[in-house]
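Heads up: the sequence lines are chains A and B, in that order.
Mapping of the first sequence onto the working numbering: position 44 corresponds to residue 187, and the numbering continues sequentially without gaps.
Mapping of the second sequence onto the working numbering: position 213 corresponds to residue 355, and the numbering continues sequentially without gaps.
Note that these hints are calculated values from the structure, not bench results.
Do not take every clue at face value.
Said to hold, decoys possible - Quick list of in silico lysine-lysine cross-link-like pairs, DSSO-like style, CA-CA up to 27 Å:
1) K407(B) x K422(B)
2) K272(B) x K250(B)
3) K431(B) x K353(B)
4) K149(A) x K250(B)
5) K430(A) x K407(B)
6) K353(B) x K157(A)
7) K432(A) x K353(B)
8) K158(A) x K272(B)
9) K422(B) x K227(B)
10) K351(B) x K323(B)
11) K432(A) x K200(B)
12) K430(A) x K431(B)
13) K227(B) x K158(A)
14) K232(B) x K432(A)
15) K430(B) x K432(A)
16) K232(B) x K250(B)
17) K149(A) x K430(B)
18) K250(B) x K274(B)
19) K386(B) x K149(A)
20) K386(B) x K353(B)
21) K372(A) x K384(A)
22) K407(B) x K149(A)
23) K432(A) x K212(B)
24) K398(A) x K409(A)
25) K386(B) x K158(A)
26) K158(A) x K351(B)
27) K254(B) x K157(A)
To be verified - Now the stretches of chain B that chain A is said to cover, found in silico as 3 or more residues with beta-carbon under 8 Å:
28) 191-201
29) 220-228
30) 347-356
31) 383-397
For clarity, every value in this text was computed on a predicted model and none was experimentally measured.
Every residue gets a Cβ at the ideal spot worked out from N, C-alpha and C, and that includes glycine.
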Amino acid sequence: MIPLLKIEIFKIFKKPRTYIAFAVIALIIILIQIALKFGGKEYVGLMMSGMGDSFEEIPTKTILNGYLVCFIILNLLLIHVPILVALVAGDAVAGEANMGTLRLVASKPVSRIQLLIVKFIASVFYTLLLLIWVAVLALLVSIALFGVNWLGVPRELQFNVMEADDVLWRYALAFCFAAIGLICVAALAFMLSVFSDNSIGPVVVTVCVIIVFTILTQLQIPFYDETIKPYLFTTHMLGWKGFFYVKAVDGVTQKGSIENLSAIVKSAVVLIGYTAFFLGVAFWYFKRKNILS
Amino acid sequence: MSSIIDVRGLTKSFSEITAVDDLTFTVKEKGVYGFLGQNGAGKSTTIRMLLSLIRPTKGEIRIFGLDLSKHRKEILQRTGAIIEKPDLYKYLTAVENLNLFATMSGLKLSRKQLMDKLEKVGLAERADSKIKTYSQGMKQRLGIAVALVHDPDLIILDEPMNGLDPQGIADIRYLINHLSKDEGKTIFISSHLLSEMEQVADSLLIIHKGKKIAEGNMNELLNPEQSRIEIETRSAKELELLLKQTPWANKIISINGSKIIMQMKREEVPFFVQQMTEMKQDIFSIHKKNSLEDYFLSLTAR
Chain A
144 MIPLLKIEIF KIFKKPRTYI AFAVIALIII LIQIALKFGG KEYVGLMMSG
194 MGDSFEEIPT KTILNGYLVC FIILNLLLIH VPILVALVAG DAVAGEANMG
244 TLRLVASKPV SRIQLLIVKF IASVFYTLLL LIWVAVLALL VSIALFGVNW
294 LGVPRELQFN VMEADDVLWR YALAFCFAAI GLICVAALAF MLSVFSDNSI
344 GPVVVTVCVI IVFTILTQLQ IPFYDETIKP YLFTTHMLGW KGFFYVKAVD
394 GVTQKGSIEN LSAIVKSAVV LIGYTAFFLG VAFWYFKRKN ILS
Chain B
143 MSSIIDVRGL TKSFSEITAV DDLTFTVKEK GVYGFLGQNG AGKSTTIRML
193 LSLIRPTKGE IRIFGLDLSK HRKEILQRTG AIIEKPDLYK YLTAVENLNL
243 FATMSGLKLS RKQLMDKLEK VGLAERADSK IKTYSQGMKQ RLGIAVALVH
293 DPDLIILDEP MNGLDPQGIA DIRYLINHLS KDEGKTIFIS SHLLSEMEQV
343 ADSLLIIHKG KKIAEGNMNE LLNPEQSRIE IETRSAKELE LLLKQTPWAN
393 KIISINGSKI IMQMKREEVP FFVQQMTEMK QDIFSIHKKN SLEDYFLSLT
443 AR
């Protein structure tokens, strides 16, 4: 299994398209960091508007530290990273069918299930590497550029404040949660990839699903809140934010607390359930698939 | 000689279409077994079923005496294949491609071993070039190296000469002969190039519309004792009417314009020509037609 996995990872990282995602993420994050470095005061002003006078006297430099910059980046980026994940996961099987190599690979003495397992693990490996890349650029580079201080997370008309030494573990868990969400997207693209003989189809369909579901998730229509949103995996992908919502007693946030841990766990379980479903369908179909292309 | 491939009642249906219909054949150990059929006859579907790429609707495939549906891995470990054009990873080099497929076959080869295998197909000098820079002939040779990387006992080649120039075709022909005669491999090959098949195959299986229409040793099938003779005359129709009143009537196979095709023993030919002269029939030309192409066309034109 390990030599096969090495082969799959080798193939992924030999394709130029693999590096597009890393370059795009680096570009976006650097652009956001530059914008906040030089225009951070206006951004913070906008963010704090409506929060009351008590925050006005705090210097921008204190609020706009590396932790907040990372939060802003993740807020903007974690919706778009799935598209980049789909580029590789959607190509895993369909790309081989498209190139004509699938029939050669499938006629080797490796079981189809084993083949699919290593392909999915390789897609997960790429996904996690992409997430680590986001973490390094968004968190570590932001800390290096903006320093660290307490983290204030705006939330409707509230402002959740966390001490500087109460933040890093939240990011660690948020990235772990984001990994579950992105693996779910990878599983969706992977499943579609098994059904297709060209690599564009699964990527486009995955991107369309994410866009439509994200729009539905963000629609502020009460009818959808209970009928559709709880069943969309994109709704649960936002669960990482829960690690930055803290309990407060008499207006004072409780260090080390998470406001609604059970909601985060529920979202993680839903995402894992979706992943299992997507993979189940992929394995069931691929085992029976007539490889014609 | 024991049988390597044993197929019984193999059938594959895609919705309403039956691509392969109750096919039964046996491929003996060693030698080259040619697999012929027109486009859409069911050759590729059959080959894909032999490689477990397609599930049969009905029937049984035994390779090396093992049931393919139960011993897929063991069988594929001893089988090498090229299925239609050899599509390889274009963004990888030849040595990377070969190493990748060797690993998939459970081998761990050193660079030297890989280079030796590329040397055999004349690609050692371009071992580190990406496949996208390769010509069709080079890709085909690399495809063969990939098929042979794990030294299989059975080699399945689906149209291996497609798109090759004459030199490329000659190289493949030489390789097939070498693998069969010198290394004792069993080769199951499908091709449209009937003249090439005639040169390499020992046995033949011909299918038409998914059904077997002929199987056997090449010499027996082409039957040199019973030559097919093409006679060009002034009017084939007139000659046919005349012949129908003689014992030659049952030797007529077909008529095409001014040509009439008959089947007769070699020693009967001079006697036939003499009788035609006596009957004052103008014979402009007479050709022996015993090529595989003639045989194939006579079967599939039905």
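Hints, one by one, checked against the model:
1. K407(B) x K422(B): holds (23 Å)
2. K272(B) x K250(B): Given pair K272(B), K250(B) holds - Cα atoms ~21 Å apart, limit 27 Å.
3. K431(B) x K353(B): Holds - the C-alpha atoms of K353(B) and K431(B) are around 25 Å apart, at most 27 Å.
4. K149(A) x K250(B): holds (13 Å)
5. K430(A) x K407(B): violated (55 Å)
6. K353(B) x K157(A): Roughly 44 Å separates the two Cα atoms, so the pair is violated.
7. K432(A) x K353(B): holds (24 Å)
8. K158(A) x K272(B): Answer holds: K158(A) to K272(B) is near 12 Å, not above 27 Å.
9. K422(B) x K227(B): violated (55 Å)
10. K351(B) x K323(B): violated (32 Å)
11. K432(A) x K200(B): holds (16 Å)
12. K430(A) x K431(B): Status violated; Cα separation ~49 Å.
13. K227(B) x K158(A): Answer holds: K227(B) to K158(A) is near 22 Å, not above 27 Å.
14. K232(B) x K432(A): holds (25 Å)
15. K430(B) x K432(A): Measuring from Cα to Cα gives roughly 48 Å; hence the hint is violated.
16. K232(B) x K250(B): holds (22 Å)
17. K149(A) x K430(B): violated (60 Å)
18. K250(B) x K274(B): holds (25 Å)
19. K386(B) x K149(A): With a Cα-Cα distance of about 74 Å, the restraint between K386(B) and K149(A) is violated, given a limit of 27 Å.
20. K386(B) x K353(B): Between K386(B) and K353(B) the Cα gap is close to 33 Å, so the pair fails against 27 Å, i.e. violated.
21. K372(A) x K384(A): holds (17 Å)
22. K407(B) x K149(A): violated (64 Å)
23. K432(A) x K212(B): This hinted pair holds, its Cα atoms lying about 17 Å apart.
24. K398(A) x K409(A): Holds, at roughly 23 Å.
25. K386(B) x K158(A): Between K386(B) and K158(A) the Cα gap is close to 71 Å, so the pair fails against 27 Å, i.e. violated.
26. K158(A) x K351(B): At roughly 42 Å apart (the allowed maximum being 27 Å), K351(B) and K158(A) break the hint.
27. K254(B) x K157(A): Given that 27 Å is the threshold and the Cα spacing comes to 22 Å, the pair holds.
28. 191-201: Answer holds; 5 residues pass the 8 Å Cβ test.
29. 220-228: Result for this restraint: holds, n = 6.
30. 347-356: violated (count 0)
31. 383-397: Since 0 is below three, the answer is violated.
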